[in-house]
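Trainee: Put chains B, C and D on the given structure of chain A with help from the hints.
Number of protein chains: 4
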Amino acid sequence: MTLTAEQLSEIEAQRSHHGQTLRAIAPGMERRLYTAHSVLDHGFVRVIDYMGDDAAICQAARVSYGKGTKAVSNDEGLIRYLMRHWHSTPFEMCEVKFHVKLPVFVARQWIRHRTANVNEYSARYSILDREFYIPAPDALAAQSTVNNQGRGELLEGEEAARVLEILKGDAMRAYDNYESMLSTEGQKGLARELARMNLPANIYTQWYWKVDLHNLFHFLRLRADVHAQYEIRVYAEKICEIVADWVPIAFKAFEDYRMGGVTLSASAMDCIRRMLKGETVTQETSGMSAGEWREFEGVIAARD
Amino acid sequence: MTLTAEQLSEIEAQRSHHGQTLRAIAPGMERRLYTAHSVLDHGFVRVIDYMGDDAAICQAARVSYGKGTKAVSNDEGLIRYLMRHWHSTPFEMCEVKFHVKLPVFVARQWIRHRTANVNEYSARYSILDREFYIPAPDALAAQSTVNNQGRGELLEGEEAARVLEILKGDAMRAYDNYESMLSTEGQKGLARELARMNLPANIYTQWYWKVDLHNLFHFLRLRADVHAQYEIRVYAEKICEIVADWVPIAFKAFEDYRMGGVTLSASAMDCIRRMLKGETVTQETSGMSAGEWREFEGVIAARD
Amino acid sequence: MTLTAEQLSEIEAQRSHHGQTLRAIAPGMERRLYTAHSVLDHGFVRVIDYMGDDAAICQAARVSYGKGTKAVSNDEGLIRYLMRHWHSTPFEMCEVKFHVKLPVFVARQWIRHRTANVNEYSARYSILDREFYIPAPDALAAQSTVNNQGRGELLEGEEAARVLEILKGDAMRAYDNYESMLSTEGQKGLARELARMNLPANIYTQWYWKVDLHNLFHFLRLRADVHAQYEIRVYAEKICEIVADWVPIAFKAFEDYRMGGVTLSASAMDCIRRMLKGETVTQETSGMSAGEWREFEGVIAARD
Amino acid sequence: MTLTAEQLSEIEAQRSHHGQTLRAIAPGMERRLYTAHSVLDHGFVRVIDYMGDDAAICQAARVSYGKGTKAVSNDEGLIRYLMRHWHSTPFEMCEVKFHVKLPVFVARQWIRHRTANVNEYSARYSILDREFYIPAPDALAAQSTVNNQGRGELLEGEEAARVLEILKGDAMRAYDNYESMLSTEGQKGLARELARMNLPANIYTQWYWKVDLHNLFHFLRLRADVHAQYEIRVYAEKICEIVADWVPIAFKAFEDYRMGGVTLSASAMDCIRRMLKGETVTQETSGMSAGEWREFEGVIAARD
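Residue numbers (the UniProt record's numbering), protein chains in the order written: chain A, 1 to 304; chain B, 1 to 304; chain C, 1 to 304; chain D, 1 to 304.
Chain A extracted, bound-state conformation (with noise of 0.2 Å):
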């Protein structure tokens, strides 16, 4: 991660600045406040602000008018209740902001959900820094052969070699290409609207990031998920560290019902309640299609 001395010195100086509030704190999430957490090569997570707690979620839900008495197991089983039966209101009370630092094609994909609110960093006003994503060797895939929005296994040798080779120079060339139409010097100088347009996918952005928690879980879900492109899911999974440590009961009922948690159809639960009265089920008998079917054994088998 790059971050300048003086970015570090100011992310210091605001985590030494304590004040009083009277809002709900959550202890666990004012230890994370500011820090930056490393994702990726240049990339990090940053909270720069948060509204509300695991009790806030519950007050919402009860419209009272105080923290009430309510022991925290029940706060815990009102929680687990709302996850089960989807309820989202309650989870809509509690707010999150990050900085984000991330790739482009990364940012590409995040900005898909719709329900948060962004600043990003123009690239029309201000110049990107040389700060390109290459992955490493552990996340340089071939193509998935059976998944065709997927990676398989990884690139060994020359093959791995080269392309890394070619990532690499190409973005010092598109950078320098770049640095080079914007230059003054002896000439009027492209706009920077215009010569950011030779800058690669992989190039770093950055932006200030906030949703609601209800929203958030959707994210992570997603995101977070196996299927994800490894490098959205790193950013994903790095907020749930973070997520846990701020609504402690939310993110566990989140991760029970949602995270693990399963989405059978009509067919599958049938064959289920048949294959629990003993009845040996098969693709033919099932009234599902072969790939249906697929996945559906792929959720019943055992994990070991």
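These are computed hints drawn from the structure, not numbers from a lab.
Heads up, a few of these hints could be off.
Identical copies carry no separate label here, and so any pair may be met within one copy or between two of them.
[What the hints assert, rightly or not] List of simulated lysine to aspartate or glutamate pairs, DMTMM-like, C-alpha gap at most 20 Å: (1) 277 to 297; (2) 168 to 179; (3) 188 to 159; (4) 277 to 6.
Mentor: Showing chains B, C and D alone in chain A's frame:
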């Protein structure tokens, strides 16, 4: 306003419980937190939580690393620039959560602002209180004769008395019958989700309402406007006072550019330019319809 | 249902006016257009316009230039795949606009679905009709003794009669008083925006409601569910019939994966895997709370 | 524009296939349907579907039952009134779906408009085409010296030639390397989701974009504005032409009140009122900052 002793002591308890935080703090908002500000006869608005301050707007606009060393005057210039040029995303970086008690017919207007989070008291789940909005004498007005959706002169004497009698009488009877249908004394007792249908639109409900500053400003521009219905306008005006304490610089810019601002059509601007050059423009030579011209004349008329 | 003769003849006129279009046409939906489908005692749902069909979902998923030449069976496979894997954006490419007449207390639940466009009849601007929802005998139920937000057995005999008398009597009296406060005979006449506050929540309102298919499915999953309040469920069920005619393949997938689908937590799936291997699992050994276990037993119980 | 013969014949096929519908038809839009309208060197905009017309806006505003018998002049008056008074929901009742081919850096600006539905071509799933935006000579401009996010004079001669050479050369090299990394000839072949990161931001992507008329107007106001970047402005201008054919009355009102409209602050309106009374107002006596005054002078300056 009708807060129970228990509620008041819960508010008292919340206000006495300070804690340390690293987050941005808005001192003016800390003074508002939790306190119930009276609106109408039984309603209130109280701040439950907030995120961000004037500096947070600038920080997002700059996607910078720290609070910056900019003087307040610079922040003010930036915020006014953002407001003037309709930049919305930096204002979205602030968030506020209110607890509001309000008549149902006001809630029905309010909820049309969709970009917000809401948890409302459930009359399926719980029994509503016997609290109804009864207009004060200076709010009891006749239908406007010029504005299809507005009110005109005040009702007086016998007519006013008769209206108040009807509103009070019907509300009490409806509530008596609500209770009597719900009762399980010697009968099964009607389901709450059905019994509530007997209650008139001036009964009070309550909700938690969470919104970002940009969307709150939009709400305030429409609902604190002189054309808004009085009963929602008083809520908007109370919220204006609160926001002025929370983000004083942004609120000042909002007042100047939005609340006090005027949008003129291309035709209207053309007329103003001609008038400034000394031409006498009439409706006939303005290119505007009679209705547009009348509104235009109202806008350029000197304010005394 | 109470459509005036004039309204019926307007609907007739609209239904007789065919025109040529190049757009995608859903034959099943053309048969539904404009016709008012009765719901409850005075309510209705009618389709005012629609955009797209099953093929449009596939076309968007493929970002294709033409209609696609793929066989229907391929479209079905693709749509089922999209539904199974929670792809939402292709379903957002279909849009539908309804005209709905419904009791105000139903409208208040309905509007909580925020991702939709609404134009409601304005009681500030116009006078509401004397039309109230009065439950039919088989909808007049007692409060559930097991579910805080549900209804139980039917009311009978005298109790049922008394409730109906109250609902009718209070509605008529409230409306009489509404009219009398509005009247300008020998008095100024109360403003409409104030007089409406006297009307109970079972009065009918109406609106235009426009929504995309993804968000409509979400609405239907919650509101056509057995736990939804009967009075909104009948609207959702009527809309289900309409959608089944509009996008039959997508609706079928929705029924299988969403309406009939079940989401199981990580703990629940773990129990199922153990049970399929022959283990006897009890609540004690399940890792679930009593409430979760009870729901789990309901889900795996054989359907007869 | 580079549509293949196959794509052109698919479009031809769709345009030749008329059908009967009962829905509202906008004749001007029927003539636009499916046809690809060229934008930039390889881009296009084409209408895939639409819902509603000028009458539909009025119908929603009236929540009426039929088309009404109002003359067009009445519809025009109503639409202008709605636009002037910022009523948004009736315009939301019209919807349009576009297929757009556009450079990635334009797509990144476009997607910031969140209230829309998008299906983008997936570079995880498919291989992008070798098509890059290379500015025409009259779009190749230097950085503005007065506007941090704008462009100034045109580049000329050698500098222009050098820039074009860089943009073309880097694009071709990046694409050659993209293909070579993907290739499975004698190697495993890099995953598509990784290989795409080498491609610069001027590569073309494409998407289906669906939006309601209110939000489309908001997009057009910002992106067809003279301050918008040229490369997105040409798309917005093309869409303006299409919308003018679709809903001619609404578009005319939009042009007058939004595109040509001006919002003035309370201070600015105060100055105009003083000037109309004959007072000479200077920046010093205006109460405005230097920046605001400069913008104000620009607004009231006579247009020739």
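Trainee: Determine for every hint whether it applies to the structure shown.
Mentor: Going through the hints against the structure:
{"no.": "1", "hint": "277 to 297", "in the structure": "both (17 Å within a copy, 14 Å between copies)"}
{"no.": "2", "hint": "168 to 179", "in the structure": "both (17 Å within a copy, 16 Å between copies)"}
{"no.": "3", "hint": "188 to 159", "in the structure": "between (42 Å within a copy, 8 Å between copies)"}
{"no.": "4", "hint": "277 to 6", "in the structure": "neither (67 Å within a copy, 54 Å between copies)"}
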